[in-house]
Amino acid sequence: MKIKAAKEGLSPDLEPVESFMESSFPGCVQREKHYNTLQYKIASTSLARIFQLVVANKDRLSIEDYSVSQTTLDQVFVNFAKQQTGEEVDASLHRQKG
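Under our numbering, the final residue of the sequence shown carries the number 91; numbering is consecutive throughout.
One or more hints might be untrue.
[What the hints assert, rightly or not] Capping the alpha-carbon separation at 35 Å, the derived lysine-lysine pairs in DSBU-like fashion look like this: (1) K(-5) / K26; (2) K75 / K34; (3) K(-3) / K51; (4) K51 / K75; (5) K0 / K34; (6) K26 / K0; (7) K34 / K51; (8) K0 / K75; (9) K75 / K(-3); (10) K34 / K(-5); (11) K26 / K51; (12) K75 / K(-5); (13) K26 / K(-3); (14) K(-3) / K34; (15) K(-5) / K51; (16) K0 / K51; (17) K75 / K26.
[To be verified] What follows is a list of derived Cβ distance ranges for each label pair: (18) D58 / S4: 16 to 22 Å; (19) F73 / K0: 33 to 39 Å; (20) S39 / S4: 31 to 37 Å; (21) H27 / A49: 21 to 27 Å; (22) A74 / K0: 32 to 38 Å; (23) N72 / D52: 29 to 35 Å; (24) A(-1) / Q45: 33 to 39 Å; (25) R24 / E57: 28 to 34 Å; (26) E8 / V69: 28 to 34 Å; (27) F73 / S16: 29 to 35 Å; (28) H27 / L66: 22 to 28 Å.
Don't read these hints as lab results, they were simulated from the structure.
Each residue gets a CB set at the ideal place from its N, CA and C atoms; glycine is no exception.
Work out the full structure: start from the sequences and follow the hints.
Structure follows, in structure tokens:
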């Protein structure tokens, strides 16, 4: 899910939106945070429930725009590659210490 907060000032306060996401979608993972945009990975929640909660809180949280999409095959591949790279670095460090 990608959320874009309304631009009210020079630096929008995203904390209320972050708190809302954490309390509304337990276990969600913040994937990105850029200026006024947040991106989350939400597991095991119906699309209807996501839309219901976001629409009900959109004005209160000053959410300008939001989108919900399923993970693409490309995103799965990129995440898998990142995990493999991290594991290779860990293994390399372990070999250097031993």
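(request) Against the earlier hints, flag every one the structure doesn't satisfy and list their numbers going up. (result) Structure breaks hints 24, 25.
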